[in-house]
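**Student:** Listed here are the chains, written in short residue letters.
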Amino acid sequence: MSDSTCVPSSVTAVPVAKVIARHSALVRVTHWITTLCFFALLVSGVEIVISHPRFYWGETGNDLTPTLFKLPIPASRTLVPTGYGYVLPDQNGWSRYLHFQAAWVVVFTGLLYLISGVLTKHFSKNLLPQGADFSWREFSISITKHLRFERPSRAETWSYNLIQRLAYLFVIFVLFPLVIWTGVAMSPAFVSAFPATVNVLGGQQSARTLHFFVSVALLLFLIVHVVMVCLAGFKSRMRAMITGRAATPLERT
Amino acid sequence: MSEPSQAESRKLSRRSLITTGLAATAGALGLGAAARFAQSYGLIPPDHAGIYGLGETLTYASQRLLTRHSLAREFLRSQISKPPFRNEMPPLNDAYKRLQAGGFADWKLSVNGMVAQPASFSLDQLKSFPSHSQITMLQCEEGWSYIAEWIGVPLSRILESVGIHPQARYVVYTSIDPEWWESIDMADAMHPQTFLAYGMNGGELPLGNGGPLRLRVPRQLGYKSVKFVTQLTVTDSMKKFGKGLGSASPEGGYAWYAGI
Chain A
1 MSDSTCVPSS
11 VTAVPVAKVI
21 ARHSALVRVT
31 HWITTLCFFA
41 LLVSGVEIVI
51 SHPRFYWGET
61 GNDLTPTLFK
71 LPIPASRTLV
81 PTGYGYVLPD
91 QNGWSRYLHF
101 QAAWVVVFTG
111 LLYLISGVLT
121 KHFSKNLLPQ
131 GADFSWREFS
141 ISITKHLRFE
151 RPSRAETWSY
161 NLIQRLAYLF
171 VIFVLFPLVI
181 WTGVAMSPAF
191 VSAFPATVNV
201 LGGQQSARTL
211 HFFVSVALLL
221 FLIVHVVMVC
231 LAGFKSRMRA
241 MITGRAATPL
251 ERT
Chain B
1 MSEPSQAESR
11 KLSRRSLITT
21 GLAATAGALG
31 LGAAARFAQS
41 YGLIPPDHAG
51 IYGLGETLTY
61 ASQRLLTRHS
71 LAREFLRSQI
81 SKPPFRNEMP
91 PLNDAYKRLQ
101 AGGFADWKLS
111 VNGMVAQPAS
121 FSLDQLKSFP
131 SHSQITMLQC
141 EEGWSYIAEW
151 IGVPLSRILE
161 SVGIHPQARY
171 VVYTSIDPEW
181 WESIDMADAM
191 HPQTFLAYGM
201 NGGELPLGNG
211 GPLRLRVPRQ
221 LGYKSVKFVT
231 QLTVTDSMKK
241 FGKGLGSASP
251 EGGYAWYAGI
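Chains as they are written, first to last, in this note's numbering: chain A, 1 to 253; chain B, 1 to 260.
With the rest of the complex left out, here is chain A (with noise of 0.2 angstroms):
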């Protein structure tokens, strides 16, 4: 299994693995600069969420007006009620600067994703559920290898599973879209431009409450990634989403 054996050198030579190509330069690429800013995008979220930690529903919402929940957390400002004696520090202006910085970055690198995706069949090839796997048989033998914390077959070493199709399917389609609208229809300005963004939401605090929420769901999915990453063979997999390589028994075909 060595990485020399990646150079077809003789023909007398007997390889007992070879290294297939596992992950695209472009969805390597991607993938880390979306790491990088998804961190940084969570760190300065965390930030400026303590700034006031209380939610609302509808279009308006301050220390006067009821809220739909709290965070029983200290605040970084000191009008906030929270209950606490005492006031974080406070962070939010460098935050908010990284915050939409990390924002344009990954919007970009997401388009750019998207549309590589499609030219090069990405999402059909390799994300989309193939027809036969595509069954509640196949579902619910996929729901209970993860319940029973299996180690993933071979097979999954070049393919992804139904659940992880889906699984990343949602957050490519269902939640990035989602985290950048109710964002967006927190602007002042930009819902200047398209009201129906921050409208169809029930307004502007509605919108700041579902970002908090999604972004809450896309911090359950990055934990549950790293976990199958670890579970699955935490070495194999970061090689193959760094180098771009998998290993591979021969026989395969």
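Hints are supplied without guarantee of correctness; some may be wrong.
Unchecked claim - Below are the SDA-like pairs computed for lysine to any residue, each with C-alpha atoms no more than 25 angstroms apart in a straight line: (1) Lys-82/B with Phe-69/A; (2) Lys-82/B with Thr-67/A; (3) Lys-82/B with Gly-117/A.
Unchecked claim - Sample of chain B residues at the chain A side, in silico, Cβ under 10 angstroms: (4) Glu-56; (5) Ser-70; (6) Pro-83; (7) Pro-91; (8) Asp-94; (9) Pro-118; (10) Cys-140.
Read the hints as simulated data drawn from the structure, not as lab findings. Since the structure is predicted, the reported quantities are computational estimates derived from the model, not experimental observations. All C-beta atoms, glycine included, are put in the ideal place defined by N, C-alpha and C.
Dock chain B against chain A, hints included.
**Tutor:** Then chain B, alone, in the frame of chain A:
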């Protein structure tokens, strides 16, 4: 068999190197052209330098292209926040207290810079212009918000009355506390909803909301709506104001453009 394939791959890598080089050159030229275009169309914010300049420029430029003339959402009278909200008050200075003791009769808004006739307006003079009102939302960068009716005179009326020079690009506005100053571009300055507000919810503008005079910029976050405004300066460049970043906000770590 390995010989030609190596030669082939070397040729391929040379070809891809040339392609990449050409693409990079085209990209750099494209960026240069975009920067010149952005500069001449006023799409670059004063705080465009530094590590967050890219994001700020993209936000400002895209929103300027999309929202130059669009109107902030207006609400129904029944949607006005009850009880009316007011934010924490900065400590009021002696100059403010003196004017407050006189019922703000001596409050003056001076208008200077690139104008044909520099002028100074009392509150009564401002109220002699036809008054307008809007029910709009004030959104704080912290996350809270409220809706109120704002009564005042559109800033554009005052600027027209003093005659601004055609090369004007920004209006700088300063609170009675000189540490608190902001600026907006001409798109926001001439926008019909940018008000010099002296009234709120049918009455006088309360002290806690910036009375007697506040510049209301409803398409940007609350910190651009400076309270206790006493001075407007029309200019073609922000370089000579403070550190040249556009306002006190970027000097304190916050974005100059707050349309978010």
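**Student:** Are the hints correct? Go through all of them and say.
**Tutor:** For each hint, the structure was consulted:
no., hint, result
1, Lys-82/B with Phe-69/A, "20 angstroms, holds"
2, Lys-82/B with Thr-67/A, "14 angstroms, holds"
3, Lys-82/B with Gly-117/A, "50 angstroms, violated"
4, Glu-56, "7 angstroms, holds"
5, Ser-70, "4 angstroms, holds"
6, Pro-83, "6 angstroms, holds"
7, Pro-91, "14 angstroms, violated"
8, Asp-94, "24 angstroms, violated"
9, Pro-118, "31 angstroms, violated"
10, Cys-140, "8 angstroms, holds"
Consistency note: the structure conflicts with the earlier hints numbered 3, 7, 8, 9.
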